[in-house]
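This is what each chain is made of:
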Amino acid sequence: MPEQRIVLRNCGVIDPKDISTYLSQGGFKALEKALGELAPEQVIEEIKKSGLLGRGGAGFPTGLKWQFASEASGEEKYVICNADEGEVGTFKDRYILERDPFSLIEAMAIAGYAIGANKGYIYLRAEYHHLLGLLEGAIVQCEGKGFLAKQGNFKFDIEIREGAGAYVCGEETALMDSIEGKRGEARYKPPFPPSQGLWQKPTIINNVETLMNIPPIILKGSDWFNRIGTERSKGTKVFSVSGDVRAPGTYELVMGSSLKELVEDLALAEKVKMVQVGGASGRVIPYHLIDTPLAFEGVLGAGAIIVFNESRDVIDIVRRTMEFFAEESCGKCTPCREGTQVMLEILTRFCHGQGLKQDIENLESLANVMMLTSLCGLGQAAPNSVVDTLAHYRSAYESRVQG
Amino acid sequence: MLPLFGGDENLSVDMIPVTLNGTKVSAQPGMTILELARENGVDIPTLCYRPELTPIGACRICVVEVEGSRTLVASCHTPVAANMVIHTHSPKVLEARKVIVELLLASHPDVCLVCDKANTCELRKIAADLGVGLPRFRVKKRYHPLEDVSPYVVRDLDKCILCRRCLRACHEIKKADVFAIAYRGFDSKVVVDQDQPLNKSVCRDCDVCISLCPVGALTKREERFKEKKGPPLFIKA
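From first to last, the protein sequence lines are chains A and B.
In terms of my numbering, the first sequence opens at residue 859 and continues consecutively.
In terms of my numbering, the second sequence opens at residue 20 and continues consecutively.
Don't take each hint at face value.
[Stated by the list, open to error] Keeping only pairs whose Cα atoms sit at most 20 Å apart, straight-line, the calculated SDA-like set for lysine to any residue is:
{"#": "1", "chain 1": "B", "residue 1": "K160", "chain 2": "A", "residue 2": "E1203"}
{"#": "2", "chain 1": "A", "residue 1": "K1008", "chain 2": "A", "residue 2": "E895"}
{"#": "3", "chain 1": "A", "residue 1": "K1059", "chain 2": "B", "residue 2": "T73"}
{"#": "4", "chain 1": "A", "residue 1": "K907", "chain 2": "A", "residue 2": "G1079"}
{"#": "5", "chain 1": "A", "residue 1": "K887", "chain 2": "A", "residue 2": "R957"}
{"#": "6", "chain 1": "A", "residue 1": "K1040", "chain 2": "B", "residue 2": "P98"}
{"#": "7", "chain 1": "A", "residue 1": "K1215", "chain 2": "B", "residue 2": "T73"}
{"#": "8", "chain 1": "A", "residue 1": "K1040", "chain 2": "B", "residue 2": "K111"}
{"#": "9", "chain 1": "A", "residue 1": "K1040", "chain 2": "B", "residue 2": "K159"}
{"#": "10", "chain 1": "A", "residue 1": "K977", "chain 2": "A", "residue 2": "G917"}
{"#": "11", "chain 1": "A", "residue 1": "K1040", "chain 2": "B", "residue 2": "L186"}
{"#": "12", "chain 1": "B", "residue 1": "K159", "chain 2": "A", "residue 2": "I1218"}
{"#": "13", "chain 1": "A", "residue 1": "K1003", "chain 2": "A", "residue 2": "L881"}
{"#": "14", "chain 1": "B", "residue 1": "K117", "chain 2": "A", "residue 2": "I1218"}
{"#": "15", "chain 1": "A", "residue 1": "K977", "chain 2": "A", "residue 2": "F1012"}
{"#": "16", "chain 1": "A", "residue 1": "K1047", "chain 2": "B", "residue 2": "T90"}
{"#": "17", "chain 1": "A", "residue 1": "K1040", "chain 2": "B", "residue 2": "I200"}
{"#": "18", "chain 1": "A", "residue 1": "K1040", "chain 2": "B", "residue 2": "K117"}
{"#": "19", "chain 1": "A", "residue 1": "K1047", "chain 2": "B", "residue 2": "P98"}
{"#": "20", "chain 1": "B", "residue 1": "K159", "chain 2": "A", "residue 2": "F1012"}
{"#": "21", "chain 1": "A", "residue 1": "K1040", "chain 2": "B", "residue 2": "E191"}
{"#": "22", "chain 1": "A", "residue 1": "K891", "chain 2": "A", "residue 2": "N976"}
{"#": "23", "chain 1": "B", "residue 1": "K159", "chain 2": "A", "residue 2": "R1207"}
{"#": "24", "chain 1": "B", "residue 1": "K111", "chain 2": "A", "residue 2": "Q1238"}
{"#": "25", "chain 1": "A", "residue 1": "K1047", "chain 2": "B", "residue 2": "E54"}
{"#": "26", "chain 1": "A", "residue 1": "K906", "chain 2": "A", "residue 2": "N1084"}
[Unchecked claim] Covered stretches of chain B (in silico footprint by chain A; criterion: 3 or more residues with CB under 8 Å from a CB of chain A, positions within the stretch not fixed):
{"#": "27", "stretch": "71-79"}
{"#": "28", "stretch": "91-100"}
{"#": "29", "stretch": "117-124"}
Since the hints were made in silico from the structure, they are not lab data.
Every value quoted in this text rests on a predicted model; they were computed, and no experiment measured them.
Ideal Cβ positions, reconstructed from N, Cα and C, are used throughout, including at glycine.
Working from the sequences, and respecting the hints, build out all of it.
As structure tokens, this is what we get:
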């Protein structure tokens, strides 16, 4: 399936420092349309009908999330843009923020109008500090043109909050704790953010890429969007391709395109051994499954594609992945805090060719329990690479058992 | 949890029907799965949970199976919903609890013989009840110097299982906020100030944290190594 630019429509076309270039591309027409022609419920209905699913990895229906927040009682509501892009190997949100900050602001305003919020936060990852000035400049320009000022009953403020470098703060509840000034740790759910989120108020929290889809859906209609993609996965997906490829970078493909097309045809990878789709917390796809479609029906995650060629050692990759999780676990719940450390030590033994006979079995039972009982997505997804490599590359483990 | 309306059946229209271990029972709205189970005489083990404290869902010992849920759910903070089908002791649940206890034991110091908590230790009791012997996992032990600066409390953080009862008790009951969590992941630690030993100037000997510590991490100085009353613990086969 072809490349198609919906999310990246303005990237490289407009000047991110100059709002007039954005306006000449039809900028803020979607907000105007929403405010002028559609009731908040109609905006939500349109997003629901479009079939847009969250692009942060979990794939929750965006329209439904907005509906829950809109129906939740309370005067004060919040819109949060999750720009904490912490997943290993993703840089698509950075690419978008660097090139088209205005669309994001427009989308947040539309979201605010839809759910009845007049305050939005952009949670910017600490490593993207260099983008702070650009984003603040974009917000000031939008305010200067009066797009966020009072129009009827609607008014919208956007504030940027910077993270402090924790991976777990990309998890929505930990992110909200972080905005509140607390230590970033996942909260239990329910209550879910649309009913009790930031400061216990109804909150929607959307990924940068999810929000980027909003203005075109409002302008061109849900039917247009609904025709792109597969049965369950509508629209396009932006991928960050890195690793053993000749053409790393950001690619936007129609949902349902094959992994092979992206990795071999576009990113020019050769002698591929395996691909980690969705970063450290994603699935490991061995070469013989490279035709897997990139969609919520197949594999997707947050769109990080890390390619490994035949020169790479599977166990070493998995050990490094686990080292990352052991480092980034917040330490709140037992299975994640202790489990990632136990796994790291087992995998380190394998790396040294000193695996114990019971280690493989222990990895499997531990992975299973971590996925079933961890408090948040971090602990639940941490064993993914272990599980997948045990399924596809078991002999790599078995050959390193001592005695 | 007591019935809201003195058990008057005419007023029980708001009761939620739930299936608990194959039996149809009714729950009050807002009740957690744990409260429902305990009200119906089903014993779910807990470590971080205490009825007088806000639940945090940290230890994950109290997980149960809810049909239709992708993961197991922690019963201490998950509210019951209409027509939930709950299994509190399915093989899947028991295996998960065992693994969690084994994880806690793996990094726990092997000093039960000379631990002040001895057979009143909640971790040992849960391990015994679940039939957990030697843990199957091996992991490094934590090492923190014994803190015996305070005239009241002796803190042995090697034994801490990070249930945060002390932290919540100090915050919610005593309103003193002496404790906080510092560091991340396996290195997480309950700290005082910028990781200083607990001393006289911040702590006022209220005993609340000591009385709630499930393991031997917090002990009262004058009662250390005195006789403790508790049932003998046997590992169930």
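So, going through the hints one by one against the coordinates:
no., hint, in the structure
1, B/K160 <-> A/E1203, "12 Å, holds"
2, A/K1008 <-> A/E895, "17 Å, holds"
3, A/K1059 <-> B/T73, "19 Å, holds"
4, A/K907 <-> A/G1079, "9 Å, holds"
5, A/K887 <-> A/R957, "19 Å, holds"
6, A/K1040 <-> B/P98, "25 Å, violated"
7, A/K1215 <-> B/T73, "42 Å, violated"
8, A/K1040 <-> B/K111, "35 Å, violated"
9, A/K1040 <-> B/K159, "29 Å, violated"
10, A/K977 <-> A/G917, "24 Å, violated"
11, A/K1040 <-> B/L186, "15 Å, holds"
12, B/K159 <-> A/I1218, "19 Å, holds"
13, A/K1003 <-> A/L881, "10 Å, holds"
14, B/K117 <-> A/I1218, "18 Å, holds"
15, A/K977 <-> A/F1012, "11 Å, holds"
16, A/K1047 <-> B/T90, "12 Å, holds"
17, A/K1040 <-> B/I200, "11 Å, holds"
18, A/K1040 <-> B/K117, "32 Å, violated"
19, A/K1047 <-> B/P98, "10 Å, holds"
20, B/K159 <-> A/F1012, "56 Å, violated"
21, A/K1040 <-> B/E191, "17 Å, holds"
22, A/K891 <-> A/N976, "18 Å, holds"
23, B/K159 <-> A/R1207, "13 Å, holds"
24, B/K111 <-> A/Q1238, "16 Å, holds"
25, A/K1047 <-> B/E54, "17 Å, holds"
26, A/K906 <-> A/N1084, "10 Å, holds"
27, 71-79, "holds (count 6)"
28, 91-100, "holds (count 5)"
29, 117-124, "holds (count 4)"
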